[in-house]
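**Student:** Let chain A serve as the given structure and place chain B on it in line with the hints.
First to last, the sequence lines map onto chains A and B. Counting from 5, one number per residue, gives the positions in the first sequence under this note's numbering. Counting from 2, one number per residue, gives the positions in the second sequence under this note's numbering.
I should point out that these hints are in silico values taken from the structure, not numbers from a laboratory. Heads up, a few of these hints could be off.
As the list claims (entries may be wrong) - In silico BS3-like cross-links for lysine-lysine, where the CA-CA straight-line distance does not exceed 25 angstroms:
(1) A/39 - A/161
(2) A/39 - A/98
(3) A/97 - B/72
(4) B/201 - A/98
(5) A/97 - A/39
Read off the chains here:
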Amino acid sequence: MTESLSFIFLNAVLANNFVLALFLGLCPFLGVSGKLNTALPMGLATMFVMLVSSVSAYLINIVLVTFEIEFLRLIAYIAVIASAVQLVEMALKKLSPALFRSLGIFLPLITTNCAILGLALFQTFKEYNFTQSLVYAIGAGVGFILAIVLMAGLREKLELSTMPSITQGAAVSLMLGGLLSLSFMGFAGLGG
Amino acid sequence: MSKIGNDNITWGTFSEGLWRDNPVFVMLLGMCPVLAVTNSAINALAMGLATTFVLLASGALISLLRHSIPKQVRIATYIVIIATFVTIVDYAIQAISLDLYNALGAFIQLIVANCMILGRAEAYASRNRPLKSFTNALGMGAGFTIALLCLGVVREVLGAGSLFGIDLFGPRFEPWVVMILPAGGFIVLGAWLLLFEWLKQRKERLELEAAAET
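Bound conformation, chain A alone (with noise of 0.2 angstroms):
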């Protein structure tokens, strides 16, 4: 693979944005934006968990080919992710309790966050090496937080405008969704 380190990066951030051109991590994207001070935290917690579980999936695979049982590569990747998030709830649960309660049900659901096992199954097609890998996953937690922070952000603006009573609930959110992927489109060119 030739694809140089700084593309990679740039790439998972604006180009392919997991969240708004892949459409990856939509869940927690829309449930943990409501406000700026959860949002924040939610997508560092994200960033660790992927990559914790880019590294780990990395060297799974490896065992995996080296086995030639690559039809267990779903099953072993989401075990790790699901323990490395176990990892992070029992940490921030020591650490800040209230964090951890405002995050609620939405800190064990990173497991099914598609974006963490999406990254673990794209790094593999796409045969990056070790520091590859490492780069993308960080490229990819800085895009999850950006897209989070930059919705909260607006949802934040949102609840002092006044809106007709249809538009209460998801749907507005889907709508700044969509505005921001097309404004996300505009770094189309950045990466290939």
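**Tutor:** Just chain B, lined up with the frame of chain A:
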């Protein structure tokens, strides 16, 4: 949701997934495949059926094993069961139609991470008898497939001027390319939600007026 311990299978067991608790339009679960693969009606249908199969099979198995799974490791167990069935679907689609497999891409494997399936396993299959879970999963799957089709049809008709690959408007139609792009997915789903909210509020208003007249 029906009461725990109530073993009767009613029409409601099946139909709650279709409309009242529709996984996409009401509960907003499993959004990733909903938006990502609905750029054409055929992709939407394939994804809906694949998800329904995983939902049915994992729902039935988890429900059968519900007394033998220890509580502490239940989520991990569910995920492994779901991942097994997703692997089966992945290889099956690859064998049936390579074109479809390429069009859906990684999103077949990402069915594992569909929170709707894990949510149903936790909230329903682990508490109800196998046959009842199966019926409920069938309804949920059908509701999910219908929702995907709702999006897929709108996006394909507007974005490509065709339906299931059949040209609808002739060569003079200028496609709305934005509908096929990621942004279109967000906007179409938002529009459906607006429509449903409007219908709901109108119904409530009419009921209120009817009550005021009598």
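**Student:** With reference to the structure, classify each hint as holding or not holding.
**Tutor:** To see whether the hints hold, each was checked on the structure:
1. At roughly 10 angstroms between alpha-carbon atoms, residue 39 of chain A and residue 161 of chain A fall within 25 angstroms of each other, so this suggested pair holds.
2. For the suggested pair residue 39 of chain A and residue 98 of chain A, the alpha carbons sit about 23 angstroms apart, so the restraint of at most 25 angstroms is met.
3. Distance hint between residue 97 of chain A and residue 72 of chain B is fulfilled; the C-alpha atoms sit about 20 angstroms from each other, no more than 25 angstroms.
4. Between residue 201 of chain B and residue 98 of chain A, the direct Cα distance comes to roughly 44 angstroms. Violation of the 25 angstroms bound is thereby established for this hinted pair.
5. Taking the CA atoms of residue 97 of chain A and residue 39 of chain A, the gap is about 20 angstroms. The hint holds against a cut of 25 angstroms.
Violated hints amount to a single one, hint 4; each of the other numbered hints is respected by the structure.
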